[in-house]
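Participant: Residue strings, one per chain:
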Amino acid sequence: MRPLIIILLTGALFFSSFSGSAQCKNFAKRVCRLELAPYIHDGNYNAAILTEGEDAELFKTFYAGQEYRLAVCGSEPLSKVEFQVMDVERTVLYTNAQNSYKLTWDFKVESTQQLIILVKVHDSTGSSDNVNSGCVAIMFGLKTD
Amino acid sequence: MQIKRKHQKLRVMNIRGLNKKYVAILHILIAGLMMSCASDSPKQDRIKVDVEDVASDEIVKSGVQTARQIFYSLPSPLETAMILKRSGAQYNPEILNPVENISRYSTTKSMALNLGIYSTDLSYASLFDQTPASIKYMTASKKLAEGLGILNAIDDKVIQRLEENVNNRDAIMDIISETFLNTNSILEENDRVAIGSIILVGGWVEGLYIATALVNQVGSSDNELVERIIDQKLSLSSVINLLKQHNHMPDIQSVMSDMKELEIIYDKVQISVSRIEVVSDSTSTTLHSKNVFSVSPAVFQELKDKVTEIRSKYIM
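Which chain is which? The protein sequence lines are A and B, in order. The first sequence begins at 24 in our numbering and counts up by one. The second sequence begins at 47 in our numbering and counts up by one.
It is worth saying that the hints were derived from the structure and are not from the lab. Hints may be right or wrong, so weigh each one.
Calculated lysine-lysine pairs in the DSBU-like style (CA-CA distance at most 30 angstroms, straight line) [unchecked claim]:
1) B/LYS155 / B/LYS352
2) A/LYS131 / B/LYS131
3) A/LYS131 / B/LYS336
Ranges between beta-carbon positions, derived for each pair [unchecked claim]:
4) A/LYS103 / B/SER358: 46 to 56 angstroms
5) A/VAL111 / B/ILE141: 48 to 58 angstroms
6) A/LYS125 / B/GLN347: 41 to 51 angstroms
7) A/SER102 / B/GLU140: 53 to 63 angstroms
8) B/ARG321 / A/LYS125: 22 to 32 angstroms
9) A/ASP168 / B/SER320: 35 to 45 angstroms
10) B/GLN316 / A/ASN49: 44 to 54 angstroms
11) B/GLN136 / A/THR167: 16 to 26 angstroms
12) A/PRO100 / B/ARG321: 15 to 25 angstroms
Partial selection, computed: residues in chain A whose CB lies under 7 angstroms from chain B [claimed, not checked]:
13) ASP65
14) GLY66
15) THR84
All C-beta atoms in this analysis are idealised placements derived from N, C-alpha and C, irrespective of residue type, glycine included.
Generate coordinates for the entire structure from the input sequences, incorporating the hints supplied.
Facilitator: What follows is the structure in structure tokens.
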């Protein structure tokens, strides 16, 4: 009986990786994408499972004249997801930590710029033995005329 | 989802000790695991690299080995089309890839590149309210997506929804955006992200081709379309970094080689970027800066010819 339990647990672990990425897709589509309204989502998919304490970076060129909405969302059970927008010399231009960890930021660039979005998942568990993981999606909305 | 930070124990399982029924179940699981490993990973949009920065106290304290995920985001076909229109581009159906060419695309690489190309053509046509052309390109995109095994990304209802929203451009853009997201996320979910990279690069090349085809000569420096073409030097670095993540794949290597040829020409274009000043009002923020670029007519023509050459190769 014990070997069967081990096999079933292994299987559950294996299939949970698929289920994790499917949940991430659904979270991006059904939750984070809605934060972009009334901007139109650009259609790109940038999402990953992150664990507390982990961070991620996204490099993107933003074009002169286009108005953007950036949305960075973390699924349950992640608590605070901080994002910083930096120039290529890593000077911080904006951080949502100074805006109550707001999920979105609206901006435009006067001249085309490559910017870096740094996303940090804060550790909510303190000294506990457990760390949480969840989906983090980085999405861009485009303002139409 | 919770992960135990400490005291994790690994147990070694003795397969010989299992009876046949258990071994059969185990074989199914291992086969599934091997199939998943045989896909085109590593991931398209991200790689894991060691964090270069000094680890924060928190991380040291926790003992968790941290890696940073890196994404390179290219302008999507929708964004490319919006940039084109905003820069004063006009609609010219003559320069698009005819949907009749679809029968030529039978390899994974050609289907992926042309799915990107048709996606940009679809976005361009939609932004200029060319609904019949949009439906044609959406139908072609659907066929290529199915050819790539990306089923359900574009279903039959999508075409119907396009027809129902002929006079509602925002609704059409939203439908297109949704199909791109479906395509990208299905590829990601199935660990076929390298294919997604080729699709994105195909779409980016098509945008660059449309832009260069609409500029006859570099006249005055206040031509916005020329500025946006020059700006693609910044996106090209993301294109190359994105492709580098899968450079072990022959299809990616050949696309990379094309992008390197473009890079040689873009290296002759000078762009100087001033410091960014952040100015906010109650609703929005503007990042003020001034880019100054210089490109000679000869270099611009060289760029235009190279883009045309690469794009012609892709649609053949």
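Participant: With reference to the structure, classify each hint as holding or not holding.
Facilitator: Each hint, compared with the structure:
1. Among the hinted pairs, B/LYS155 with B/LYS352 is consistent with the structure: their alpha-carbon atoms are about 20 angstroms apart, no more than 30 angstroms.
2. The straight-line distance between the Cα atoms of A/LYS131 and B/LYS131 is roughly 17 angstroms, inside the 30 angstroms bound, and the hint therefore holds.
3. At most 30 angstroms may separate the alpha-carbon atoms for a hinted pair to count; A/LYS131 and B/LYS336 meet this at roughly 13 angstroms.
4. About 50 angstroms separates the C-beta atoms of A/LYS103 and B/SER358, a value consistent with the hinted range of 46 to 56 angstroms.
5. The hinted range of 48 to 58 angstroms is not satisfied by A/VAL111 and B/ILE141, whose Cβ atoms lie roughly 33 angstroms apart.
6. Roughly 47 angstroms separates the CB atoms of A/LYS125 and B/GLN347, a value that falls within the hinted 41 to 51 angstroms.
7. Between A/SER102 and B/GLU140 the C-beta distance comes to about 54 angstroms, which sits within the given range of 53 to 63 angstroms.
8. Between B/ARG321 and A/LYS125 the beta carbons are some 26 angstroms apart, a value that agrees with the proposed interval 22 to 32 angstroms.
9. For A/ASP168 and B/SER320, the hinted distance range of 35 to 45 angstroms is not satisfied, since their beta carbons lie about 28 angstroms from each other.
10. Taken as a hint, the range 44 to 54 angstroms holds for the pair B/GLN316 and A/ASN49, whose Cβ atoms sit roughly 46 angstroms apart.
11. Evaluation of the 16 to 26 angstroms hint for B/GLN136 and A/THR167 yields a pass: the beta carbon distance comes to about 18 angstroms.
12. As the Cβ distance of A/PRO100 to B/ARG321 is approximately 40 angstroms, the hint placing it in 15 to 25 angstroms is violated.
13. For A/ASP65, the interface hint holds, the least distance from its beta-carbon to any beta-carbon of chain B being 4 angstroms, beneath 7 angstroms.
14. Interface hint status for A/GLY66: upheld, as the beta-carbon distance to the closest one in chain B is roughly 3 angstroms, under 7 angstroms.
15. Taking 7 angstroms as the C-beta contact cut-off toward chain B, the hint placing A/THR84 at the interface holds, the least distance being around 4 angstroms.
Checked against the numbered hints above, the structure breaks hints 5, 9, 12 and satisfies the rest.
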